[in-house]
Structure formats: C-alpha cells, structure tokens
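FYI, in our numbering the residues of the sequence shown are 27 to 75.
Keep in mind that the hints were calculated from the coordinates and are not lab data.
Be careful, since some hints might not be right.
Derived SDA-like pairs (lysine to any residue); straight-line CA-CA distance at most 25 Å [said to hold, decoys possible]:
1) K71 to G60
2) K41 to A54
3) K41 to L70
4) K71 to Q48
5) K71 to A56
6) K71 to S46
7) K41 to S67
8) K41 to G60
9) K71 to R52
10) K71 to N53
11) K41 to R68
12) K41 to S75
13) K41 to R52
14) K41 to A62
15) K71 to S51
16) K41 to V73
17) K71 to Y58
18) K41 to M64
19) K71 to M50
20) K57 to S72
21) K71 to L45
22) K41 to S72
23) K71 to A54
Computed from a prediction, not measured in an experiment: that's the story for all the values here.
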Amino acid sequence: MFDVVWAIPRVDREKVILLSSQGMSRNAIAKYFGCAGMTISRVLKSVES
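Produce the complete structure using the sequences and hints provided.
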C-alpha cells in the first residue's frame, strides 16, 4: 500500500505564535495565512509540547 504523509503547509511559525499571543483566534490566523484552522492548531500544539 501507499504511505501517506500528512505535511503541515508552510506557515511562519513565529508569526502564528505572535498573532496568537496578541489574542487573534485560530480561525482568524488561518484566514490570514489562507490555510485550514486545523493547520494553525497543529502549529500551536507543536509549540506547547
């Protein structure tokens, strides 16, 4: 079978952290970058762990 690799689209991790710390919602950050909200959640989750 095929191996499927789920890659996080390229977003500026530092910018995501900055916008989140300023109180911007995950959905608003996703709209800013033009990606899915889950992508932003994954980036923020990787920062927390």
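Going down the list of hints, with the structure as the test:
1. This hinted pair checks out: K71 and G60 have alpha carbons roughly 19 Å apart, not beyond 25 Å.
2. With a C-alpha separation of about 13 Å, the suggested pair K41 and A54 falls inside the 25 Å cut-off, and the hint holds.
3. At roughly 11 Å between alpha-carbon atoms, K41 and L70 fall within 25 Å of each other, so this suggested pair holds.
4. Of the pairs offered as hints, the one joining K71 and Q48 holds, with about 17 Å between alpha carbons and a cut-off of 25 Å not exceeded.
5. Under the criterion of a C-alpha separation no larger than 25 Å, the hint pairing K71 with A56 is consistent with the structure, at around 14 Å.
6. Restraint check: the Cα-Cα separation between K71 and S46 comes to about 12 Å, which is no more than 25 Å; the hinted pair holds.
7. At roughly 14 Å between alpha-carbon atoms, K41 and S67 fall within 25 Å of each other, so this suggested pair holds.
8. At most 25 Å may separate the alpha-carbon atoms for a hinted pair to count; K41 and G60 meet this at roughly 14 Å.
9. At roughly 12 Å between alpha-carbon atoms, K71 and R52 fall within 25 Å of each other, so this suggested pair holds.
10. About 15 Å separates the Cα atoms of K71 and N53, which keeps this hinted pair within 25 Å; it holds.
11. Between the alpha carbons of K41 and R68 the distance comes to roughly 14 Å, so the proposed pair stays at or under 25 Å and holds.
12. Under the criterion of a C-alpha separation no larger than 25 Å, the hint pairing K41 with S75 is consistent with the structure, at around 18 Å.
13. Of the pairs offered as hints, the one joining K41 and R52 holds, with about 12 Å between alpha carbons and a cut-off of 25 Å not exceeded.
14. Taking the CA atoms of K41 and A62, the gap is about 16 Å. The hint holds against a cut of 25 Å.
15. Taking the CA atoms of K71 and S51, the gap is near 14 Å; set against the 25 Å cutoff, the hint holds.
16. Restraint check: the Cα-Cα separation between K41 and V73 comes to about 12 Å, which is no more than 25 Å; the hinted pair holds.
17. Between K71 and Y58 the CA atoms are separated by roughly 19 Å; this keeps the pair inside 25 Å, and the hint holds.
18. Restraint check: the Cα-Cα separation between K41 and M64 comes to about 16 Å, which is no more than 25 Å; the hinted pair holds.
19. Restraint check for K71 and M50: satisfied, since their Cα atoms lie roughly 16 Å apart, inside the 25 Å limit.
20. The suggested pairing of K57 with S72 holds, with an alpha-carbon distance near 20 Å, which does not exceed 25 Å.
21. Restraint check: the Cα-Cα separation between K71 and L45 comes to about 15 Å, which is no more than 25 Å; the hinted pair holds.
22. A C-alpha spacing of about 14 Å is found between K41 and S72, which places the hinted pair at or below 25 Å, so the restraint holds.
23. Among the hinted pairs, K71 with A54 is consistent with the structure: their alpha-carbon atoms are about 17 Å apart, no more than 25 Å.
Figure legend: structure checked against the earlier numbered hints; every hint is met.
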